[in-house]
Amino acid sequence: MSRDEGLKIVYSTLFQLIGSVKLKGWCIHMVCLQGEGSFTYGGRPFHVKKHDAVVINAPHQVNVSGQSEDLKVEILAAPQDFLSNQLPANNYGIGGSISLYDNPVITLSAEDAEKLVRDIHNIRDRIEDTGHLFYRELIGGLALPLIYDLFYFHAKNRAPIFATDRSMYVVKELMALLESGRSKKYREVAYYAGQLNVSVKYLSNTVKRQTGNSVTYYIDRFTVPMIKEYLEKSTLSIVQIAEEMNFATLSYFSRYVTRHLGMSPKAYRKSLAPK
Numbered sequence: 001m002s003r004d005e006g007l008k009i010v011y012s013t014l015f016q017l018i019g020s021v022k023l024k025g026w027c028i029h030m031v032c033l034q035g036e037g038s039f040t041y042g043g044r045p046f047h048v049k050k051h052d053a054v055v056i057n058a059p060h061q062v063n064v065s066g067q068s069e070d071l072k073v074e075i076l077a078a079p080q081d082f083l084s085n086q087l088p089a090n091n092y093g094i095g096g097s098i099s100l101y102d103n104p105v106i107t108l109s110a111e112d113a114e115k116l117v118r119d120i121h122n123i124r125d126r127i128e129d130t131g132h133l134f135y136r137e138l139i140g141g142l143a144l145p146l147i148y149d150l151f152y153f154h155a156k157n158r159a160p161i162f163a164t165d166r167s168m169y170v171v172k173e174l175m176a177l178l179e180s181g182r183s184k185k186y187r188e189v190a191y192y193a194g195q196l197n198v199s200v201k202y203l204s205n206t207v208k209r210q211t212g213n214s215v216t217y218y219i220d221r222f223t224v225p226m227i228k229e230y231l232e233k234s235t236l237s238i239v240q241i242a243e244e245m246n247f248a249t250l251s252y253f254s255r256y257v258t259r260h261l262g263m264s265p266k267a268y269r270k271s272l273a274p275k
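Its first residue numbered 1, the sequence shown is counted upward by one per residue in the UniProt record's numbering.
In short, the hints are calculated from the structure, not lab data. Here a beta-carbon is modelled for each residue, glycine too, at the ideal position from N, C-alpha and C. Among the clues, some could well be false.
To be verified - What follows is a list of derived Cβ distance ranges for each label pair:
(1) A155 to E114: 14 to 20 Å
(2) E232 to Q16: 37 to 43 Å
(3) V117 to S38: 18 to 24 Å
(4) L14 to T235: 47 to 53 Å
(5) E243 to S109: 50 to 56 Å
(6) E36 to S264: 46 to 52 Å
As the list claims (entries may be wrong) - The calculated SDA-like cross-link candidates involving lysine to any residue, where the alpha carbons are at most 25 Å apart (straight line), are:
(7) K115 to N157
(8) K72 to N122
(9) K185 to S254
(10) K266 to L133
(11) K184 to T216
(12) K208 to Q80
(13) K24 to L138
(14) K8 to N157
(15) K185 to R269
(16) K208 to Q86
(17) K208 to M226
(18) K22 to Y135
(19) K8 to E74
(20) K184 to L231
(21) K266 to Y252
(22) K184 to S254
(23) K201 to R44
(24) K72 to Q86
(25) K8 to E69
(26) K228 to Q210
Based on the sequences and whatever the hints tell you, model everything.
Here it is as structure tokens:
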């Protein structure tokens, strides 16, 4: 594990790690090199074999149920917020994460499995380099090939992401609202429930059941990149950005940014300045 207090990354060869309760809020990426293993995820059984990749967004919902004696895996785990912040809001990852919650196993070719292992090793080899002046950016940059390769492997092996039943229709429409930029002004679950003509309880329960994440998680997932773009590129002051994004007070905006970016808006802007 990284010694950097601001960013934790875990590399492991222990299959049981995919069910670690301590990694709640993290995303786990695993590739099977040989042997077989089995686990339940969200109460559903899954089986993994050689050249399978596994992506777990809710490790606290995993129970490892068995493995062969010759099982060998490589695992890389990182906080979901950190990985999500490497990408723009409108990307394949939103729908992909929903599909992967339904089935986290991706069958790979031998060639694709080798690519994934290389992606993992590139990050593994720099985890302990915490003295690097741009450590967070370094690891974020190395994570992008892993993320985009998984997007590609997933897209090649899966049917369309959204099903046609009522519950998945609601999830799809929620994502459409968020992709349109609504979270710039509206970040209350009640607003989206009203737009979809459902109750807050129904929307919350449906999204949680279908994706493993809360409605607020997805609202934040679309909001944070907007804030980063303003802080990185805009000539607006921090007060003006808070007003532009409809935050009730500057202090609330500062707390929101600190919670999601690990530092205050002022500190984040300062971190972008050439050193």
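For each hint, the structure was consulted:
| no. | hint | in the structure |
| --- | --- | --- |
| 1 | A155 to E114: 14 to 20 Å | holds (19 Å) |
| 2 | E232 to Q16: 37 to 43 Å | holds (40 Å) |
| 3 | V117 to S38: 18 to 24 Å | holds (22 Å) |
| 4 | L14 to T235: 47 to 53 Å | holds (49 Å) |
| 5 | E243 to S109: 50 to 56 Å | holds (51 Å) |
| 6 | E36 to S264: 46 to 52 Å | holds (48 Å) |
| 7 | K115 to N157 | holds (16 Å) |
| 8 | K72 to N122 | holds (19 Å) |
| 9 | K185 to S254 | holds (16 Å) |
| 10 | K266 to L133 | holds (19 Å) |
| 11 | K184 to T216 | holds (13 Å) |
| 12 | K208 to Q80 | holds (16 Å) |
| 13 | K24 to L138 | holds (24 Å) |
| 14 | K8 to N157 | violated (31 Å) |
| 15 | K185 to R269 | holds (22 Å) |
| 16 | K208 to Q86 | holds (23 Å) |
| 17 | K208 to M226 | holds (24 Å) |
| 18 | K22 to Y135 | holds (23 Å) |
| 19 | K8 to E74 | holds (17 Å) |
| 20 | K184 to L231 | holds (14 Å) |
| 21 | K266 to Y252 | holds (14 Å) |
| 22 | K184 to S254 | holds (15 Å) |
| 23 | K201 to R44 | holds (24 Å) |
| 24 | K72 to Q86 | violated (29 Å) |
| 25 | K8 to E69 | violated (30 Å) |
| 26 | K228 to Q210 | violated (28 Å) |
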